[in-house]
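As given, the protein sequences belong to chains G, Z, A and B, one line each in that order. So in the UniProt record's numbering, spot 324 of the first sequence is number 324, and the numbers just go up one at a time. So in the UniProt record's numbering, spot 96 of the second sequence is number 96, and the numbers just go up one at a time. So in the UniProt record's numbering, spot 143 of the third sequence is number 143, and the numbers just go up one at a time. So in the UniProt record's numbering, spot 64 of the fourth sequence is number 64, and the numbers just go up one at a time.
In case anyone wonders, no lab produced these hints; they're calculated from the structure. Treat the hints loosely; a few may be bogus.
You can't tell identical chains apart in this list, so a pair holds if it fits in one copy or across any two.
[Unchecked claim] Below, simulated SDA-like cross-link-like pairs (lysine to any residue); rule was C-alpha separation at most 20 Å, straight line:
{"hint": "1", "residue 1": "K276", "residue 2": "R14"}
{"hint": "2", "residue 1": "K267", "residue 2": "E281"}
{"hint": "3", "residue 1": "K313", "residue 2": "P303"}
{"hint": "4", "residue 1": "K313", "residue 2": "I340"}
{"hint": "5", "residue 1": "K130", "residue 2": "E263"}
{"hint": "6", "residue 1": "K267", "residue 2": "F279"}
{"hint": "7", "residue 1": "K276", "residue 2": "T266"}
{"hint": "8", "residue 1": "K276", "residue 2": "A286"}
{"hint": "9", "residue 1": "K107", "residue 2": "I340"}
{"hint": "10", "residue 1": "K130", "residue 2": "S269"}
{"hint": "11", "residue 1": "K43", "residue 2": "R3"}
{"hint": "12", "residue 1": "K130", "residue 2": "N256"}
Here the structure is a predicted model, which means the values were calculated and not measured.
Number of protein chains: 4
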Amino acid sequence: MERKIGIGIIGFGRIGRLHADNALVSDKVVLKGVSDLFIDQIKGTKYEQAVNLVTDDPYEIINHDEIDAVFICANTDSHVDLITACASAGKHVFCEKPISFNLEETKKALEAVNQSGVKFQVGFNRRFDKHFRKVQETVRKGDIGDPHIIKITSRDPETPPEAYIKRSGGMFMDMTIHDFDMIRYLSGKEVVEVSVKAANLIDPKFGRNDDVDTAIITLTFEDGSLGVIDNSREAAYGYDQRIEVFGSKGVVSANNEQPTNVEISTKESVTVDHPKYFFLERYHDAYVDEMEEFAKAILDDEPLLLTGEDGAKAEQLAKAAKLSRDQNRPVSISELNVTI
Amino acid sequence: MERKIGIGIIGFGRIGRLHADNALVSDKVVLKGVSDLFIDQIKGTKYEQAVNLVTDDPYEIINHDEIDAVFICANTDSHVDLITACASAGKHVFCEKPISFNLEETKKALEAVNQSGVKFQVGFNRRFDKHFRKVQETVRKGDIGDPHIIKITSRDPETPPEAYIKRSGGMFMDMTIHDFDMIRYLSGKEVVEVSVKAANLIDPKFGRNDDVDTAIITLTFEDGSLGVIDNSREAAYGYDQRIEVFGSKGVVSANNEQPTNVEISTKESVTVDHPKYFFLERYHDAYVDEMEEFAKAILDDEPLLLTGEDGAKAEQLAKAAKLSRDQNRPVSISELNVTI
Amino acid sequence: MERKIGIGIIGFGRIGRLHADNALVSDKVVLKGVSDLFIDQIKGTKYEQAVNLVTDDPYEIINHDEIDAVFICANTDSHVDLITACASAGKHVFCEKPISFNLEETKKALEAVNQSGVKFQVGFNRRFDKHFRKVQETVRKGDIGDPHIIKITSRDPETPPEAYIKRSGGMFMDMTIHDFDMIRYLSGKEVVEVSVKAANLIDPKFGRNDDVDTAIITLTFEDGSLGVIDNSREAAYGYDQRIEVFGSKGVVSANNEQPTNVEISTKESVTVDHPKYFFLERYHDAYVDEMEEFAKAILDDEPLLLTGEDGAKAEQLAKAAKLSRDQNRPVSISELNVTI
Amino acid sequence: MERKIGIGIIGFGRIGRLHADNALVSDKVVLKGVSDLFIDQIKGTKYEQAVNLVTDDPYEIINHDEIDAVFICANTDSHVDLITACASAGKHVFCEKPISFNLEETKKALEAVNQSGVKFQVGFNRRFDKHFRKVQETVRKGDIGDPHIIKITSRDPETPPEAYIKRSGGMFMDMTIHDFDMIRYLSGKEVVEVSVKAANLIDPKFGRNDDVDTAIITLTFEDGSLGVIDNSREAAYGYDQRIEVFGSKGVVSANNEQPTNVEISTKESVTVDHPKYFFLERYHDAYVDEMEEFAKAILDDEPLLLTGEDGAKAEQLAKAAKLSRDQNRPVSISELNVTI
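Here chain G stands alone, though its shape is the one from the complex (with noise of 0.2 Å):
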């Protein structure tokens, strides 16, 4: 006999849809209600036929008798009033990145959480990719000796609309937030100094928003190992994702992944297949095992892979990271004077 945890999901844009979807064809999770503020979207959809529960409250998911666990991916600003709700409701709790723009908020968010005793996992989805995964295990074997240099290559392959920059928090608090966490994840060390270089060389509507669309972050870690992360919000070819660590005893890497590995060679050209286009092509599986790992947690009443410290620790170094730009200088975590 199988077991499944009840869910409801709250928000349901893409990345709510997407988890809907995983969750149909799962065998840890059953969907059992979803909320959205535009209920009619869901209407006559399959997601309807599907479950119970079609509301557009989202505290009818989080005192449904048969939810367990609640996936939070409505707007950020409402993440951490629904959280504090889930805690009290005794609900498991799986929030969409960043869980909130303010540390101290996130740190509220953190501390309900904790009293309640229910588990809570943010949406650093890139964490459950199989590449990654493989690079990360590596590091930890030991097999390239001791990190000295972490390189993420991390660029979207079209800039999102201006009304989405605008609520985004910024280049670092939006897109750089992934990289933040991976870097950690990679690491297994934290991170002590960010400097940062940007720029607005895509598109002006960046700039208007006081935010940038192109970066390299030097991270310094505890141990005096160093970090890099390169962003573009627009790489013309497609979703570009690439990671490598630099250790003493040797190098450890993973590049794109492609549609297919076709190779086609005629007289003009050698041609191979773009990266796969962008973030649901790309770390599809990612996103499936992330709720499988989840599920698997609570069912097992096992630890998380990934909880809400790792959230708040990718939020203050993106802190870090729009301080070191707006001064131009080095910014050291501890400046910041939130403890996490």
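With chain G fixed as given, assemble chains Z, A and B onto it according to the hints.
Structure of chains Z, A and B alone, referenced to chain G:
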């Protein structure tokens, strides 16, 4: 409102179970019944819970009202009778390869199917592999000009048990048959001559069953262009599945698929992943897609991508290959005196 | 104090000139003389300045006191006489392939050489290619176990002129002969049977000279293992030279060599370099190394890496291939009734 | 009739010998003299035989009638005096990097050269690497649009001895200086700011000489675009030399070069070659080409591909990097108060 077809599965070994798993998460197919002579191996599993009908009588499947299409995954010896029964009952048929070990029998099955007008797909799953599909499309579009040489490397990671060898119909009918179908798919042309050099190099268990484990098979197409397949029953490094079409304007190839694209470099070595281990890993998505395409053709009443005739043609090439090996000479397909 | 051997070159076409260029910068060889029927094409070049002797009489080269070894790069028809004269004069011989178009003639040349005790190397330059050499060493060390299937892809980037085709001896003697030598080199075993499927698909100029432009050649080695060569006279994308040895413990392969490893990714495509264009580019270093190794063996009086016997064996396979193609059947080497 | 320039080499260590070897087989250069303080290491070698003049007095080289150009490969401390003497004697100069450890001194050398009108090339051999050259040409042609991020990975295979570290001028002046020149070459733009994070992670011998062995160097170009270099003094797997230019329309990259492209797959692993071991192997052809291009520019009286000004600019960046590291802050080039 989504439409789905009801399916039943006859024969619940490894491949029957694989189709069942894919059916359970399909949005075009509902699994309604499964049968196996050894019914006990289904009892108490999630499959029993999922379906209305679990039986040791395949005709219960064939005659069940809610079943529109039957997946025949039982022993090859039973295929023709089951296909004929499905045709009589007006049920669409998906049959694992080969249809039979006897071309006359296979033709009987085709006639039954053609008279009744049901759809009939054979389990050449590799046609649905995304890599090979892109190769085929590249050829079809004319990007590499007229094909001159088509090459297939197809090597299994480990030998089957001797009991399997005995009832396999021989390497050409059991293993190369996939390559025969693939080469017809890639060329879009019929083969007129087969010439084989084969050997028993890996394990005497093949030789003592009048079988081979290693072969080079050269094919001549109707337009004079050439094909070559190399087979081995045991590649120490994993499942080796590569194709290449060389033409007047260029070449297109598909290389193996790895679990990850991670590269590890140390003083000792630079290593990358092995190919995916075997067909379950390598063709996972292709198995899903062959079911979806089959269901889609039924739902939309459209032609299948591959038919019973394709199955029979591949069997014909396997027969010719066996004859070529036995007599150490090129064998013309017309010698076989069977028109398909 | 470095020792060098004095060499002379007979025949100053493309390949003679290539050896001359390599000799001019060699530290084991001094170019002392060159001869060509068309002596005017040497007059006034740097070659005339570099050497003491420029002549239209090859025997002046052969009999020159300061010349220890003769490079025979003249027409195939003249090879046997020149080799015999060199042997009589006690001069070591480097001869371009084939030694002759006639196995009996070739044997005469071998006998002359063997009686005189001079060293005799044939121009199978590919044995000195660093990639192929590493493949061969990997096989010899046993790293991939016993070879089961050896594969060679060998395709030229463009067809030769019809005048060349007429005097080439046919594709097997002119082009495949390199692959026959390579497959013997890689396997370390003798071939006992050849089976060919060939076609004229590229240009009618081959057909009207009773030649082919496309072929699949299957070889059986003395221990029952297999080899397969695929040839084309025109690969639109450049010179395609790949080998693979598949054995009981693994596989080793050498892929094409590109001018650079630069990759360019844009919205339109992801492109890499074509293979190096043709043999002058691809085997540049191998031509240097075959001369160095030849000179070294003479200076140190050590055995050559490949000998006249290797040349004759490859010619034998070319003969068998022609017969197999003409009669559309496998041809046993013993049928040829020539022992080498 | 070919024209050649006469050259002399001052300083006959590893790099002087390398230039001598290339000169001996060049068709644009004749080696006329060599000097070294330790003249005994030249006596009795092929170099002594090859040239008229072997001396321990560099001024004999500079003043020799048949010498048109001088290759300065002696200690950095002696460079400026030797350059100045060459300029006075009307001799063209090829000088290994850096010109000096002191920007004012370097400027003096440039002024002497510019006044006399001789040609002056600095030994940034990597500009002549065929891979990097293709990357640069791709950028220049506009194929990847406007460069936004330029990345260089540059890691040595092993640390130098401590004696070398002491007189190296520090990692930025000794090693990164090549990368500073490369990034200027690739971007075609000047750097306005340098920001460094560096560490001593590999061996305390660096730290005790106030040097580092690991660094991330971020550069801001005059148009706001960014560059990043990562350096290590010890990569266990070999010499790691990769570049990437990411722009508004795409990305172009050059990966490492391997001795062979052979791949070996067994049950245990799939392995490929390490990168070529170190600069002598990796940049062998680039050293040849930098000499040929230098000679060609003199013979044809054409502009050099890189000049003393390029040398000084790279030194300037090394100075800024050292300052940035010492003060842990971004350093503007204008702060250095040296105009080149």
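Tested hints:
no.	hint	verdict
1	K276 - R14	within (18 Å within a copy, 32 Å between copies)
2	K267 - E281	between (31 Å within a copy, 17 Å between copies)
3	K313 - P303	within (18 Å within a copy, 54 Å between copies)
4	K313 - I340	within (7 Å within a copy, 45 Å between copies)
5	K130 - E263	between (24 Å within a copy, 13 Å between copies)
6	K267 - F279	between (34 Å within a copy, 17 Å between copies)
7	K276 - T266	between (23 Å within a copy, 14 Å between copies)
8	K276 - A286	both (14 Å within a copy, 18 Å between copies)
9	K107 - I340	within (7 Å within a copy, 53 Å between copies)
10	K130 - S269	between (32 Å within a copy, 19 Å between copies)
11	K43 - R3	between (29 Å within a copy, 18 Å between copies)
12	K130 - N256	both (12 Å within a copy, 18 Å between copies)
Hint compliance for this structure: every hint is met.
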